[in-house]
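*Asks:* Whenever a hint applies, use it, and build me the whole structure from the sequences.
If you're matching them up, the sequences are chains P and F in order. Taking my numbering as reference, the numbering of the first sequence is continuous, increasing by one, and the terminal residue is 71. Taking my numbering as reference, the numbering of the second sequence is continuous, increasing by one, and the terminal residue is 377.
Rather than coming from a laboratory, the hints here were simulated on the basis of the structure. Treat the hints with care, as some may be off.
Below 30 Å or equal to it, Euclidean Cα-Cα: the simulated DSBU-like pairs (lysine-lysine) are [said to hold, decoys possible]:
id, chain 1, residue 1, chain 2, residue 2
1, F, LYS344, P, LYS31
2, P, LYS51, F, LYS344
3, F, LYS259, F, LYS270
4, P, LYS38, F, LYS238
5, P, LYS31, F, LYS270
6, P, LYS21, F, LYS218
7, F, LYS270, F, LYS288
8, F, LYS340, P, LYS31
9, P, LYS18, F, LYS82
10, P, LYS46, P, LYS9
11, P, LYS18, F, LYS211
12, F, LYS225, F, LYS82
13, F, LYS288, P, LYS9
14, F, LYS350, F, LYS270
15, P, LYS21, F, LYS54
16, F, LYS54, P, LYS60
Incomplete in silico selection of chain F near chain P, CB under 7 Å [stated by the list, open to error]:
id, residue
17, ILE39
18, GLN40
19, TYR192
20, GLN198
21, PRO199
22, PRO247
23, GLY292
24, GLY315
25, ARG335
26, ALA339
27, GLY375
It should be emphasised that the depicted structure is a prediction, and the values quoted were computed from it without experimental measurement. All residues carry an ideal CB built from backbone N, CA and C; glycine is no exception.
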Amino acid sequence: MIPGKEAEKIPTPLTHMKCLKCGTVNSRPFKEGDYVFKEVEEKCPKCGHDKMRIIGIYVKEEKEKKKVKLF
Amino acid sequence: MSWLFQFAGGQDLLSLLMSLLWFIFMLLFLIYPTFSQKIQLSYMLRDVEKKLLKLKYFRDEVRKRTINHLNKYSDGNIEVDKGVDRLLGSVVIEPIDRDPYGIMYKLEHIVNTWEETFENEVRALCPKADEKTVKTLTNLVEVARGLDYIYRIIRHYYLLGKKTANIYTVLQVQMILPQVMEIANAYRQSSYAFAQGQPIGDGVGVLAVAKLIDGMEKKTYEIAKDTVVQETFWNGRKILVLRAKGPGGAVGKPGEGVKKLIEAEGDKVKAVITIDAGLKLEGEESGKIIEGIGAAIGGIGVERYKIEEISKAKGIPLYAFVIYESIAEAITPMRENIAKAAEKVVEKVKRLILEKIDDGATVIVAGIGNTVGIGMT
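*Replies:* Encoded structure:
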């Protein structure tokens with residue numbers, strides 16, 4: 001039996017990086033080899049500096065539809 | 001024949017047949033009182049069977065992913081699949097507890113031997129993997145082993161219930177299956193996280209202590225297996241941050257680390273602060289930070305026992321910060337609100353240090369959890 005679509009879904013985290021020069025925070029989908037506090041050679045979209053630091057890797061929360069909760 | 005038609009209320013042949021059928025059905029329930037239970041059992045078995053098939057699918061998928069991932073770091077001469085199957089079926093026998101004296105140390109000895117053996121087996125299967133990768137791969141095999149165990153347990157009760165036609169056995173399995181399926185799906189997702197080296201929810205304690213001393217000048221050294229200490233000074237206080245070595249998947253030996261640190265520092269240590277992920281109750285918010293007293297540390301209890309034992313002997317207060325999350329969130333890729341909680345808890349820890357620790361005194365801050373995907377600062 002093949003499980004339903006919901007079970008198939010595996011969340012992909014985003015890698016959040018901070019430019020070491022101007023402090024701009026940028027994010028992209030996680031790549032194998034990324035880890036928090038790693039310095040990566042990627043260009044800052046704002047100042048063009050080629051070194052950024054990973055400050056967080058996490059799955060973005062999906063915005064829930066507002067429901068009236070009793071509890 | 002006329003009496004038969006009278007039985008059907010003097011109606012036509014169809015009404016007669018319907019009445020007879022109804023009569024036989026009623027009789028069946030009278031003569032065979034467990035008939036209704038049999039019907040119920042068959043429905044329940046069918047439900048359990050459907051979920052068991054799903055569990056099998058998860059188990060096979062995780063096993064395949066584990067083998068494929070281990071194959072990347074293996075060489076052609078090693079039969080990775082056979083090695084993985086051997087590890088999946090391996091067992092740890094808990095020490096006898098009829099005489100509980102010294103049981104924690106017996107338990108520690110068994111767990112240490114088990115961890116070492118498991119890691120060495122994975123290392124032998126993946127000669128191309130570096131130390132950091134071996135740790136993460138070991139976690140990956142442990143996840144596959146956990147899922148395999150869940151599948152075998154549920155299959156056991158399903159087959160046992162079917163064989164003995166025991167509705168109560170099947171009923172108990174059916175009752176716990178929704179939670180079991182949730183955990184199994186979380187295991188499945190966590191195998192993906194470990195294969196990729198993504199931080200998981202359980203690592204929030206480690207992430208918090210890493211953020212606490214990020215950017216500060218510090219001295220780093222190893223104090224116990226996979227466990228490091230980072231010494232720094234902040235506002236006149238000496239902070240000893242204890243955590244597992246990342247970014248490979250490890251939890252280290254925080255209990256052993258705290259014990260050694262207190263023994264080395266003597267009376268200078270004025271508090272031990274532990275930060276860990278804790279299981280929330282349904283309806284509670286994920287990422288909520290709770291402050292408390294005691295050692296916030298899960299697992300089999302050996303590490304907590306050591307922290308409690310040494311702190312009691314030296315009269316050191318224990319403060320705890322717990323970040324609430326569900327069991328699924330703890331072993332799957334870290335969620336945004338949990339990652340954000342790591343930043344908030346740092347502020348709370350700083351405030352506690354300023355309030356409770358005097359100038360010139362020492363405090364131990366232990367970040368508890370799995371370090372997969374979380375590097376050193």
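*Asks:* Next, verify each hint and record whether it holds.
*Replies:* Evaluation of the provided hints:
| no. | hint | in the structure |
| --- | --- | --- |
| 1 | LYS344(F) <-> LYS31(P) | holds (27 Å) |
| 2 | LYS51(P) <-> LYS344(F) | holds (27 Å) |
| 3 | LYS259(F) <-> LYS270(F) | holds (14 Å) |
| 4 | LYS38(P) <-> LYS238(F) | holds (26 Å) |
| 5 | LYS31(P) <-> LYS270(F) | violated (42 Å) |
| 6 | LYS21(P) <-> LYS218(F) | holds (23 Å) |
| 7 | LYS270(F) <-> LYS288(F) | holds (27 Å) |
| 8 | LYS340(F) <-> LYS31(P) | holds (21 Å) |
| 9 | LYS18(P) <-> LYS82(F) | violated (44 Å) |
| 10 | LYS46(P) <-> LYS9(P) | violated (33 Å) |
| 11 | LYS18(P) <-> LYS211(F) | holds (14 Å) |
| 12 | LYS225(F) <-> LYS82(F) | holds (29 Å) |
| 13 | LYS288(F) <-> LYS9(P) | holds (26 Å) |
| 14 | LYS350(F) <-> LYS270(F) | holds (15 Å) |
| 15 | LYS21(P) <-> LYS54(F) | violated (50 Å) |
| 16 | LYS54(F) <-> LYS60(P) | holds (27 Å) |
| 17 | ILE39 | violated (23 Å) |
| 18 | GLN40 | violated (23 Å) |
| 19 | TYR192 | holds (5 Å) |
| 20 | GLN198 | holds (6 Å) |
| 21 | PRO199 | holds (5 Å) |
| 22 | PRO247 | holds (4 Å) |
| 23 | GLY292 | violated (23 Å) |
| 24 | GLY315 | violated (36 Å) |
| 25 | ARG335 | holds (5 Å) |
| 26 | ALA339 | holds (4 Å) |
| 27 | GLY375 | holds (4 Å) |
The structure does not agree with the numbered hints 5, 9, 10, 15, 17, 18, 23 and 24 stated previously, though it agrees with the rest.
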